[in-house]
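Peer 1: Below are the chains, spelled out letter by letter.
Protein chains: 2
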Amino acid sequence: MTRQKTRFQLPENEIPTYWYNVLSDLPFSIPLAVQPKKVKETLSERNYKGSPQLPLSLFRQNVSKERYIEIPQEVRSLYALWRPTPLYRAHRLERHLETPAKIYYKYEGTSPTGSHKLNTAIAQAYYYKKAGVKHLTTGTSAAQWGSALALACNFFELVCTIYMTNVSYEQKLDRAKLMETLGAKVFSSPSRETEVGRKLVEGDPNVIGNLAISNAEALEHARNSDKCKFSVGSGQNHVLLHQTVIGQETIKQLKMAGDYPDIIIACVGGGSNFAGLCFPFISSKLNHSDSIRLIAVESAACPKLTRGRYTWDHTDLSGISPIVKSYTLGHNFVTPGIYAAGLRYHATSPIISKLYHEKLIEATAYSQRAVFEAGLLFSHTEGILPAPESAHAIRAAIDEAVKARERGDESVILFNLSGHGYFDLGGYECYLKTEMDDCIVTDKQIEESLSNLPEVELRGG
Amino acid sequence: MTRQKTRFQLPENEIPTYWYNVLSDLPFSIPLAVQPKKVKETLSERNYKGSPQLPLSLFRQNVSKERYIEIPQEVRSLYALWRPTPLYRAHRLERHLETPAKIYYKYEGTSPTGSHKLNTAIAQAYYYKKAGVKHLTTGTSAAQWGSALALACNFFELVCTIYMTNVSYEQKLDRAKLMETLGAKVFSSPSRETEVGRKLVEGDPNVIGNLAISNAEALEHARNSDKCKFSVGSGQNHVLLHQTVIGQETIKQLKMAGDYPDIIIACVGGGSNFAGLCFPFISSKLNHSDSIRLIAVESAACPKLTRGRYTWDHTDLSGISPIVKSYTLGHNFVTPGIYAAGLRYHATSPIISKLYHEKLIEATAYSQRAVFEAGLLFSHTEGILPAPESAHAIRAAIDEAVKARERGDESVILFNLSGHGYFDLGGYECYLKTEMDDCIVTDKQIEESLSNLPEVELRGG
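Sequences listed follow chains P and X, in order.
Using numbering that gives the first Met the number 0, the letters of the first sequence map in sequence onto residues 0 to 460.
Using numbering that gives the first Met the number 0, the letters of the second sequence map in sequence onto residues 0 to 460.
A portion of the hints provided could be inaccurate.
One copy or two, it doesn't matter: identical chains are merged, so the pair holds either way.
Stated by the list, open to error - Simulated pairs of lysine to aspartate or glutamate, EDC-like, Cα-Cα distance not exceeding 16 Å:
{"id": "1", "residue 1": "K353", "residue 2": "E409"}
{"id": "2", "residue 1": "K176", "residue 2": "E428"}
{"id": "3", "residue 1": "K129", "residue 2": "E194"}
{"id": "4", "residue 1": "K176", "residue 2": "D289"}
{"id": "5", "residue 1": "K4", "residue 2": "E73"}
{"id": "6", "residue 1": "K184", "residue 2": "E428"}
{"id": "7", "residue 1": "K129", "residue 2": "E428"}
Worth flagging that the hints you see were computed from the coordinates, not collected in a lab.
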């Protein structure tokens, strides 16, 4: 047997020097965030008050049409702590599946906090620090984002306050402890620290938290604290932008491997790891009309793309935050407490929503037992225990590889292994004990939640 | 500021093709394991029954005088899942310490089970499989070793049974769960599964386990099970041999960096991560008499090198296992339940013991509060949360860097970051709550334990 390469590793000087801005290549515009009851299709810099939590630097990244946005040297120096991340060829998984398909995965779990989230956390902390901010606060579910922001705040000497969704706080207590070792203050959300939290807890002490609630608490915290701003881990354009280092590296690594993908797969919560891997490939899809398929994988317990509506909705539960146009299940949607907490957010990013609406990307949904089964198979063949979120992408990649076997073709399948699952052993234990619920969502639940969308005034578009 | 490199990454084809056998370069022989009451200074292949748990392939590695032992292709293919591991320059830690010293660390935590242990687990599983073994069993403390063996057994389709020290089982429950996701059967030790375990539990239901007990249970399990052998995670020559991929890679990576170490530091439990990093440098120390200092760092709660005795002792609590000559606190020594469970073993490897006895290496000991303080500082500056074991090496590296600052010299300090601490958040939480005990060991405890050494018949030496 000729020895085939397993891991494609770029040297440190190949860390990308810019982020790739997909907005520059899209043949349509993305409806931007607006204040409640005031919807416009475009937003200029004068409307900066519309995003009061963002420093001008990040606001400009949100609306930029520049193709390339330079990565500051200080950010690249910190990226060097773990980037470039490895691209793997999944030889052992392929052999197990007896598929002629070639399976590649980009592994973001080598970051110090175990996921891709640190790519944007470091960038955001850098820009907030430059803008004179002293304290960042955020909402988090699985706390891949919360841990990343806690570490980034540490690097830039910023105070950090995290509202972590209660159901995840209980499932992943070590994630909370990790944030605390990094100096962050962590609250299980909804908490009694904020008005929005108190109202919920007093209404129902057993209320199940979600990211819309955690973010609403963090926003309230930011408004009431000195030099404190709300930082967000997914969804917004600048966050997706920062993740494009993933796909840029992957393009180079696939060249080393002598391959180009037919299918690219990533899980979708807010959309940042999907964007990070896929956006740098979209330019080629648009400009060269290649037949590459991009598949967004969501949880069947939170099926915004496959069963939600493309419409205007709040990004959190405060009712006063900007409204965005996206695929949503309604900001009041109560997502079941699945272990893949990073996929529990009621909506997805405006850019990904528009790409899906324009049929440039596909979407599929899996319920959690099928996902954990795939995660375990991956760990047994490739060694790495995947985060439950990333295991959604693995599930889809396995299914595509099996289809390729049935067709007898050598498709090249690429997916984003966005994080490791070493904080998710509770979920795997639950699966192994066959105690795991598939958390099926009824049409009625979705309809009810969607009947409660905010009123909007449309102007222009 | 000129941009200096942070991470030195070798390509996959630079995975070492051989293990380096330090025995070939040592100017003295190492007393080998003997059966109780029958001690000889040399051991030939005819005495193979003296190590009945080892297949001939591994026994030969134990006594080989060959300088280089080829790594089988199948083992190298599996190493490619994470090797070569990165070497880092700790720029941020250096700046924090305001030291002119250059600090490098080799990071073994990128392995799928988070530590260096997989280097030998894969090699051992390979050789046992080839020898027709169907089932491996072992004792483990922190379960860096147990997790590694569980994954390796998975790769080679071997049944795996683990006896995990009870105090660590409670501290690191997720480690047990991880082994279970990999298909291993895990018992908290001492257990009621074995005679040696039952005797201890019935004598004192609150007995604190240790590796001597866990190994005794695993040995009993192996003797009573079909095609089942006992595999060991540290101490023995072949285990140390397999770890030498660490130092071999480091030598190449330091060349990329244009540096050579003045001081090399690693923590010492059984000795395998110390050996892995240091042995490949010893040849140059012996052959070129360079002034490189090698520092073994142990826990002050288990100070075998700094306060133990160089003598013959059992490697476990069964009383029938081979006896080795090493620095020991006595096989009945009750090590306090420190979080760095990998350093709780009562003795260290025969080779490292002899090197220390011959003053080729130094030793130092730290108690756990100082170690966790260093671990947190490292995580805040370099991003990676270290395993408590590895944090011992960090503590020593920091202290050497501070001494270098006081002397005003640019010493090059290298240490082994043998694993990450993402399964050790309980320990960090305990430290942050200032509830951590330093677990001071009295001279009387050590004397008492050393009064209970086995009888040996010396012949020849």
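Peer 1: Each hint: holds or not?
Peer 2: Hints versus structure:
1. K353 with E409: For K353 and E409, neither the intra-copy (31 Å) nor the inter-copy (56 Å) Cα distance is at most 16 Å.
2. K176 with E428: Between copies, since 7 Å is at most 16 Å while 20 Å is not.
3. K129 with E194: neither (30 Å within a copy, 65 Å between copies)
4. K176 with D289: Neither: 46 Å inside a copy, 44 Å across copies.
5. K4 with E73: For K4 and E73, the Cα distance is within 16 Å only across copies (13 Å; inside one copy 33 Å).
6. K184 with E428: between (29 Å within a copy, 13 Å between copies)
7. K129 with E428: Neither, since 44 Å and 32 Å both go past 16 Å.
The structure fails to meet hints 1, 3, 4, 7 from the earlier list, while all remaining hints are met.
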